[in-house]
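Colleague: If you want the building blocks of each chain, they are given just below.
Number of protein chains: 2
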Amino acid sequence: MDPVVTACVLIIGNEILSGRTQDTNLAFLGRSLGELGIRVREARVVPDIAEEIVAAVNACRARYDYVFTTGGIGPTHDDITSECIARAFGVPLERNPEAVRRLDAHYGDPAKLNEARLRMAAIPSGATLVDNPISAAPGYQIDNVFVLAGVPSIMQAMFEQLAPRLKSGPPVLARTVSCRVPEGTIAEGLGALQQRYPALDIGSYPYFGVGGFGVSLVLRGTDEAELERATGELCALVRSLGGEPTVTVGQA
Amino acid sequence: MDPVVTACVLIIGNEILSGRTQDTNLAFLGRSLGELGIRVREARVVPDIAEEIVAAVNACRARYDYVFTTGGIGPTHDDITSECIARAFGVPLERNPEAVRRLDAHYGDPAKLNEARLRMAAIPSGATLVDNPISAAPGYQIDNVFVLAGVPSIMQAMFEQLAPRLKSGPPVLARTVSCRVPEGTIAEGLGALQQRYPALDIGSYPYFGVGGFGVSLVLRGTDEAELERATGELCALVRSLGGEPTVTVGQA
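Sequences listed follow chains B and H, in order.
Residue numbering for the first sequence follows this note's numbering, beginning at 1425 and increasing consecutively.
Residue numbering for the second sequence follows this note's numbering, beginning at 1425 and increasing consecutively.
Hints are supplied without guarantee of correctness; some may be wrong.
Stated by the list, open to error - Chain H is nowhere near these chain B residues, computed Cβ spacing over 10 Å in every case:
(1) V1429
(2) N1482
(3) A1486
(4) L1517
(5) R1519
(6) N1520
(7) R1525
(8) D1555
(9) R1589
To be verified - No farther apart than 25 Å at their CA atoms in a straight line, the calculated lysine to any residue pairs in the SDA-like style are these:
(10) H:K1536 to B:G1613
(11) B:K1536 to H:A1660
(12) B:K1591 to B:V1429
(13) B:K1536 to H:S1640
(14) H:K1536 to B:P1669
(15) H:K1536 to B:A1660
(16) H:K1591 to H:T1430
(17) B:K1591 to B:V1554
(18) B:K1591 to H:G1443
(19) B:K1536 to H:E1657
(20) B:K1536 to H:G1635
(21) B:K1536 to H:T1609
(22) B:K1591 to B:F1452
(23) H:K1591 to H:A1486
(24) B:K1536 to H:Y1631
(25) H:K1591 to B:P1471
(26) H:K1591 to H:P1557
(27) B:K1591 to B:T1430
(28) H:K1536 to B:G1666
(29) B:K1536 to H:G1638
(30) B:K1536 to B:V1575
(31) H:K1536 to B:C1659
(32) H:K1536 to B:E1657
(33) B:K1536 to H:P1669
(34) H:K1591 to B:G1443
(35) B:K1536 to H:F1637
(36) B:K1536 to H:L1617
(37) H:K1536 to B:G1667
(38) H:K1536 to B:Q1618
(39) H:K1536 to B:E1612
(40) B:K1536 to H:P1630
Everything labelled a hint here was simulated from the structure, so no lab data went into it.
Beta carbons: idealized from backbone N, C-alpha and C, even for Gly.
Use the sequences and the hints to build the structure in full.
Modeller: Below you can see the structure in the form of structure tokens.
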């Protein structure tokens, strides 16, 4: 059995908890890491309170192979992620010369590189920078923790830079079987299928829309042949209940 | 000073962690609870693994005034929230007669109320039902934990039913000052404003879009007069930096 590589996503920011901002970083990281064979096993959203961030970083980095944080690395007073990461690791926060150089080149005018912007060059000692091709201020890696921006376009660009550094597992493959059989009708057979295929993760996601109701049955696993067999059995189950299965590759 | 009423949102489901499904329940609950003066202080997303759910429920219910769970109360094998809630509270899971009656009325045909669907009537002992006006299968409250559906339309309908039961605090009011002053330029003055108004929560959220860049500065608090004063000072700060502030009521 392949060793499973696990990750946790730590979303930092009052604006996510208050509902002002709809987080989309978790879904992006869940999909992108899944393609690399890394399973996101937990996510936490924490406020801009230092003790909360430090505690969450330390709890999560001890439990998972990787932790990805998003948010709180900008120039304003509410951007406190880096000081919290330094505290969590018990290392000093240092002005990183390479980060200063990148900010300097980005702003082009030394007068613009004020104390607030220089906060974005304060990086925990021992961290390795992660490029930010959009707005220069870098993310970084310290041990198994990756510290990324909160703005989705910047976070995604940073992720592309760091992805090659990750230890990946066998990619998580998925098949989705959609049908209009009610969830309560297929539940018994679906549970039996899950028992026959314990290595697969089988989920049932009902939907209700203007086009009527239905259910997406998602099978996930790393062994393609096993996935295909289980998908075939699931299609037969759907047909036996009077449904018309539609199979999609991926978690449609 | 008014006592702050706090909440935690616990999102249960592999599909959120894998990125298959974009969660929107946290943002809805964050906004809706904020309007009632209840602050969401943490959110966690946990997989369909019993030990993880039980541990998260117990950690969160001890720390916050309320916990709201979403997901995992349907009829299929991956719906394990209720058994986990029962384990977390150390109470039996019982077939609730009123829940059975509602399901019976909803399906209209006893043959349809199979074992899988009856799982939706298995409720931890001592819980109080929360109506589900859409698909009958109820949510419930046990102590300070509210157990809700994962499908957003059903979760929202359940929330409307339970909202009057909540102990609420003074509503959280917000003002948003938008401008095109770069974040790094306004950061110093914004930090000083936060120091002058420690009871307010002032956040800075940059945006980058086809219409150019800008920043939304959000002030949140419960004292409207103080909020107005701080908003006025912030507008003056924006103008002193050559910007044009636009004020919106709420967290635009």
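Colleague: Of all the hints numbered above, which does this structure not satisfy? Sort the numbers upward.
Modeller: none
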